[in-house]
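Protein sequences appear in the order of chains U and Y.
Just so you know, we're using the numbering used here here: the first sequence kicks off at 14 and counts up by one.
Just so you know, we're using the numbering used here here: the second sequence kicks off at 170 and counts up by one.
Incorrect hints may appear among the rest.
To be verified - Restraint ranges, calculated between C-beta atoms of paired labels, are given here:
#1 U:R111 to Y:K225: 39 to 49 Å
#2 Y:S238 to U:T118: 18 to 28 Å
#3 Y:E211 to U:R111: 40 to 50 Å
#4 Y:G252 to U:R76: 35 to 45 Å
#5 Y:R276 to U:T20: 22 to 32 Å
#6 U:L86 to Y:I187: 25 to 35 Å
#7 U:K31 to Y:S278: 18 to 28 Å
Since the hints were derived computationally from the structure, they do not count as laboratory data.
Here a beta-carbon is modelled for each residue, glycine too, at the ideal position from N, C-alpha and C.
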Amino acid sequence: DTEVTQTPKHLVMGMTNKKSLKCEQHMGHRAMYWYKQKAKKPPELMFVYSYEKLSINESVPSRFSPECPNSSLLNLHLHALQPEDSALYLCASSPGGRDSRSVATNEKLFFGSGTQLSVL
Amino acid sequence: DQQVKQNSPSLSVQEGRISILNCDYTNSMFDYFLWYKKYPAEGPTFLISISSIKDKNEDGRFTVFLNKSAKHLSLHIVPSQPGDSAVYFCAARNLYGQNFVFGPGTRLSVLP
């Protein structure tokens, strides 16, 4: 299994809603990532989990809350979002290094197909 | 401030000819570079990579060239095929870092 699976594929939510995005991989990867991509812009890193520990948080607002229940699953909990948060949310995984602070020299990202989020 | 730049938003090439996509970076700590391809409504897929100890890496129709002194890399696709039409992202990271920084992308159209 070489896939990263994201659900749902599309999500429309109001500014007062609480929703969660889910991501799953079964490649044995130890690093998982959330990226946000606006139209005609590059993916921007939000969070990185390495060995189920949050290793990078790119100053993301607290209305986005990541969770890594185990090495195969990654969630992004959404609460009180703003219309400008509408974007494609991409999950990715990579093999990871020997421990939570290292990466393999040829580390590369495997992306899911994303969740297209619209905040009304 | 963009650390990874792709100055051509779009490129059109005739089928069978060579496509050359360019990428420049500003962070001298970047040591590993990747190219990703993205179709609409799909996530980016890995294409080819190169580390700073090399100046060329080849995989079938795809070749990446790295000029570290100029902080420039390029992706060559030859021969180009209509199925290559997609958005191509250049990405870079520190050799031991987990932060992959992406360029804005170049939309390649290969015309039959």
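Honestly, which of those hints from before does the structure not fit?
Hints 1, 3, 6 and 7 contradicted; others consistent.
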